[in-house]
Amino acid sequence: MASSSHEMDKHLKVYYIVFGCLAVLTVLTVSVAYLHLPIVAAVAVALLIACVKGSLVASFFMHLISERRLIFVILGLCLFLFLMLLLVPSLTFFEPHYSTFVNGVSGR
Amino acid sequence: MSTVAIPYDIEPHPITGMYNGKFGLWLFLASEVMLFGALFSTYILLRVGAPAGTWPHHGSEILDVPKGTINTLVLIASSVSMVLAWASLKMNNFAKGRVFLLVTFLLAGVFLVIKATEYYAKFTHYQIDVKTPVLLHGEKVTRITGHLHEQTDEHVVITPDAVKGQEHPAEMEIERDNIVRLTNFGPQHSTYMATYFTLTGLHGLHIVGGMVVILFLLLTGPSMWSKNPAKLTNRVECTGLYWHFVDLVWIFLFPVFYLL
Amino acid sequence: MSHDHGHDLPFWRKYIFSVDHKVIGIQYAVTALLFLFLGFSLISIMRYQLAYPGRDIPVIGKLLGEPIVGKTPTGYVLTGDGYNAFGAMHGTIMIFLGVVPLAVGGFGNFVLPLQIGAPDMAFPRLNMASYWAYFSGGVVMLTSFFVPGGAANSGWTSYPPLSDIATTGQTMWLFGMVLLITSSLLGSVNFIVTTVQMRAKGLSFFRLPFFVWAQLVTSFLLLLAFPPLEAAGVLQLMDRLAGTSFFLPSGLVVSGQVQNQLSGGGSPLLWQHLFWFLAHPEVYVLILPALGIVAEVIANNTRKPLWGYKSLVYSTIFLGFMSFLVWAHHMFMTGMGQTLSTFFQATTMIISVPSVIILTCLVISLWGASIRFTVPMLFALAFLPMFAIGGLTGLPLGLTTSDIQLHDTYYVIGHFHYVVAPGTLFALFAGVYYWFPKATGRKMNDFLGKLHFWPSFIFINGVFMPMFFIGMAGVLRRQFDQTEQLHGAAVQGLTVMVSWSAWMLIISQFPFIINFFWSIFRGEKVEANPWQATTLEWSAPSPPPHGNFATPPVVACGPYEYSIPGKEKDFCPQNVALEA
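Protein chains in written order, with numbering that gives the first Met the number 0: chain W, 0 to 107; chain A, 0 to 259; chain X, 0 to 579.
For the record, the hints were derived by calculation from the structure and aren't laboratory data. Possibly wrong hints are sitting among the right ones.
With a straight-line cut-off of 20 Å between C-alpha atoms, the simulated EDC-like cross-links for lysine to aspartate or glutamate are [stated by the list, open to error]:
| hint | chain 1 | residue 1 | chain 2 | residue 2 |
| --- | --- | --- | --- | --- |
| 1 | X | Lys200 | A | Asp8 |
| 2 | A | Lys163 | A | Glu138 |
| 3 | A | Lys226 | A | Glu10 |
| 4 | A | Lys139 | A | Glu166 |
| 5 | X | Lys200 | A | Glu10 |
| 6 | X | Lys309 | X | Glu560 |
| 7 | A | Lys130 | A | Asp152 |
| 8 | A | Lys95 | W | Glu6 |
| 9 | A | Lys95 | W | Asp8 |
| 10 | X | Lys303 | X | Glu567 |
| 11 | A | Lys114 | A | Asp63 |
From the structure, some residues in chain X lie toward chain A, with a derived Cβ separation under 10 Å [said to hold, decoys possible]:
| hint | residue |
| --- | --- |
| 12 | Asp119 |
| 13 | Ala121 |
| 14 | Val192 |
| 15 | Met197 |
| 16 | Pro226 |
| 17 | Val233 |
| 18 | Leu234 |
| 19 | Ser244 |
| 20 | Asn259 |
| 21 | Gly264 |
| 22 | Phe276 |
| 23 | Asn547 |
Glycine is no exception: its CB is placed at the ideal position from the N, C-alpha and C atoms.
Next comes chain W alone, as it looks inside the complex (with noise of 0.2 Å):
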């Protein structure tokens, strides 16, 4: 059930390495946001970030990287209900002639 130790330890030293990537892109994604970029920008830096540190989270930690297909069919079929959850519903809001009654009587 052990594994050679010597295997473990490669692995042991990329947790390590991960756990550095992941404190350094921190710092940067919080240095970054004093700029006060204007907002796309913001928003495209920032979720960039966050999804290098979760692509280090689940590629490493979560040893996604060294499993087999079907998991990343099932997962891939999650992510493309998860962004048409997420952006959908919002567009609501992005018709020309849409009232906006529906958030609040002044509107935008």
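Please arrange chains A and X on chain W, whose structure you already have, making use of the hints.
Below, chains A and X without anything else, positioned relative to chain W:
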């Protein structure tokens, strides 16, 4: 007889490459992605549709960025200790595994304590909207934020927040008759605070749940390790998957609320 | 392989807190059937008010109590609040406490492990937990009738702002839903892991009975679609208990009072998006297991393989996927804008294609068949045209222009009930009659079965067919008294016909209830395979013991090897190990 022998309980299945528990936990995590997705969708919809002036322009206006940053690093560290716990068990080192599990548990506790101080700060910070404007910082305003000193049936006494570059203002007394709305910065304050508390609150509940499971593993671990070490290692791995996911949610939560 | 430890479990661990999928399946099924009867009873009372507005409820009016009934000089009349509570709970009970637990929790749990040759589900204790979560949710829902203000009364759809300010029953509805959703999530994880990882040797995916495919896709729908409703439920609880305004717009006025203490800024549409994100896939959860059951019964009673097995499978997978992309067709009238409406109209039209393919395959399966008109087959055959009517009547609703006229009218009620009532429920009855011998070792009585089928078939059409016309006349749903409007009064005759058909329909269920309980004790005893069926569950004893199969089945052929040329018998069981 109570249970039958279930195939692929411990050894991996050829198609998925996973034992049952691991596959099951990934499926559960997929459902959790949809749960938090719905809440992030709520955030987007409410922010995009918010009436003017009801949402802050930048999270740092309302939330404590240094505390949030520390919490992020604490949670990431707990993810590392969690995976090291599993790795130790995989290498047959039960004692080390237990230590790492304990470290994870304690780091999670630190996260919750810091969160609690943030919540407390919000519940003790107040906002008053008045009908007749009052004088504050040299201007006539209809909204005052600060800390309450006294509340009676006739009036409230508030120490307004200090503003950069100006001296600390004195206490103000405001008549109840003049108050349109009096609220602290709890969830009812605005859709921004509502979303903040709901998302971080649900995330916090997930941390508590994870801590309960880790505690269970700490307490029952020794006896399971002696009977079925592979099963315990798998359980720790599955707990780890859940824990990393909770960390992953925070990795997105933190910039969305604190930095944007 | 099963372990016998040489001693029996105590009664409470064998039958109450059991981890055996068969016991759990029966627990789900019996509980769900009771809830179905309760849900039907609620609407039967409402139908009296609808047929005879303002008249005292006969016999049971006295028993219902305030606020459901109000006292009149002569008796007790159903109040508006009572009507609303019964209406909201009828929908909730039928969908979440009745049909899904029976179709998925009952049939899925009992049949699926047997059909794939497994000894049990992958997570037996989780399975038990999912039943008790369902049971607890049911208790919470039932208790809500007895709290001040009564049960939830904002529709099963719980739209805010109304649901945000409704009485305590709504809070209980939300907590009940959290328990029910938890039950579904635990169950769906179990089903997927079991189906992928625990199939018998030789049972590849394309040798699976179609019933298993239907349950597998259903489980993915439950897994991924329910969490947004759970999130929405949390948000509504926050609105109701923590004073938030997730769904309350600014400037809200309740009973003449401006709500200054609330922050406002919320969106009622937000609830609708999150709710329907679940509730649309939910309707496919209602129909897919039924299609699975009908397929099994048709293959068995036509003595032929199903026509177009691969088309069935691929259509089901595509249907499941598309079901996530059509939800806002329930929201065409909310003013959400043309681009969104057009998108959802398009996806809704697309999703009708796989449904039609599936129905067509099932119908073509009858061609050239030597049909055995057993009781399960009667229900399965009736399902086909009933589901077709339900599906076709959905088309004008999915097209935005015609939906303007039909939205929120009785036409909608007719449409969805055709799919669920003479559709799914008939399929579920077919399943009960079909698998009852496997579960109990006895067959249900044929005469009582036919006495159940024929009146049910006639009266169920009497209930729902007129609704299309009532709806097209402009009568809106959820109305307490349609005669208050001229166009409602004009079709009141049809409404009375609907009510009488409903009461005759509920009476027609008694042969089934009697048959069900009587046959447990006195039904004709049968062996393992009374229907001469091919799928794996029929190679286990009736009822199967703990662990299901003495030796694990081995599979070397497809699931519907009926009428193979050159073979002696007209069927070949999938379990090769049986071939002596």
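Hint check results:
With a C-alpha separation of about 17 Å, the suggested pairing of lysine 200 (chain X) with aspartate 8 (chain A) holds against the 20 Å cut-off. Between lysine 163 (chain A) and glutamate 138 (chain A) the CA atoms are separated by roughly 15 Å; this keeps the pair inside 20 Å, and the hint holds. About 17 Å separates the Cα atoms of lysine 226 (chain A) and glutamate 10 (chain A), which keeps this hinted pair within 20 Å; it holds. The hinted pair formed by lysine 139 (chain A) and glutamate 166 (chain A) meets the criterion: a straight-line CA distance of about 17 Å does not exceed 20 Å.
Taken as a hint, the lysine 200 (chain X) and glutamate 10 (chain A) pair is honoured in the structure, with Cα atoms around 16 Å apart against an allowance of 20 Å. A threshold of 20 Å between alpha carbons decides the hint, and for lysine 309 (chain X) with glutamate 560 (chain X) the separation of about 15 Å falls inside it, so the pair holds. For the proposed pair lysine 130 (chain A) and aspartate 152 (chain A), the alpha carbon gap of about 18 Å is at most 20 Å, so the pair holds. Only pairs whose Cα atoms come within 20 Å are accepted, and lysine 95 (chain A) paired with glutamate 6 (chain W) is accepted, the gap being roughly 18 Å.
A C-alpha spacing of about 15 Å is found between lysine 95 (chain A) and aspartate 8 (chain W), which places the hinted pair at or below 20 Å, so the restraint holds. A hinted pair counts as satisfied when its Cα atoms are at most 20 Å apart, and lysine 303 (chain X) with glutamate 567 (chain X) qualifies at roughly 15 Å. Taking the CA atoms of lysine 114 (chain A) and aspartate 63 (chain A), the gap is about 10 Å. The hint holds against a cut of 20 Å. A cut of 10 Å between beta carbons decides the hint on aspartate 119 (chain X): the least distance to chain A is about 5 Å, and the hint holds.
Taking 10 Å as the C-beta cut-off, the interface hint given for alanine 121 (chain X) holds, the closest approach to chain A being about 5 Å. The restraint placing valine 192 (chain X) at the interface with chain A holds, with a minimum CB-CB distance near 5 Å, inside the 10 Å limit. A cut of 10 Å between beta carbons decides the hint on methionine 197 (chain X): the least distance to chain A is about 6 Å, and the hint holds. The interface hint given for proline 226 (chain X) is met, as the beta carbon of that residue sits about 4 Å from the closest beta carbon of chain A, less than 10 Å.
Given hint, valine 233 (chain X) at the interface with chain A, holds; its Cβ is 7 Å from that chain's nearest Cβ, closer than 10 Å. Below 10 Å, beta-carbon pairs count as interface contacts, and leucine 234 (chain X) has one with chain A at about 7 Å; its hint therefore holds. Restraint check, serine 244 (chain X) versus chain A: the minimum CB separation of about 6 Å is within 10 Å; hint holds. At its closest, the beta carbon of asparagine 259 (chain X) sits 6 Å from a beta carbon of chain A; the interface hint therefore holds under the 10 Å criterion.
Using the Cβ-Cβ criterion of 10 Å, the hint placing glycine 264 (chain X) at the interface with chain A is satisfied: the shortest such distance is roughly 4 Å. Interface restraint check for phenylalanine 276 (chain X): the shortest CB-CB distance to chain A comes to about 7 Å, inside 10 Å, so the restraint holds. Of the supplied interface hints, the one on asparagine 547 (chain X) holds, with its beta-carbon coming within about 8 Å of a beta-carbon of chain A, less than 10 Å.
No hint from the list above goes unmet by this structure.
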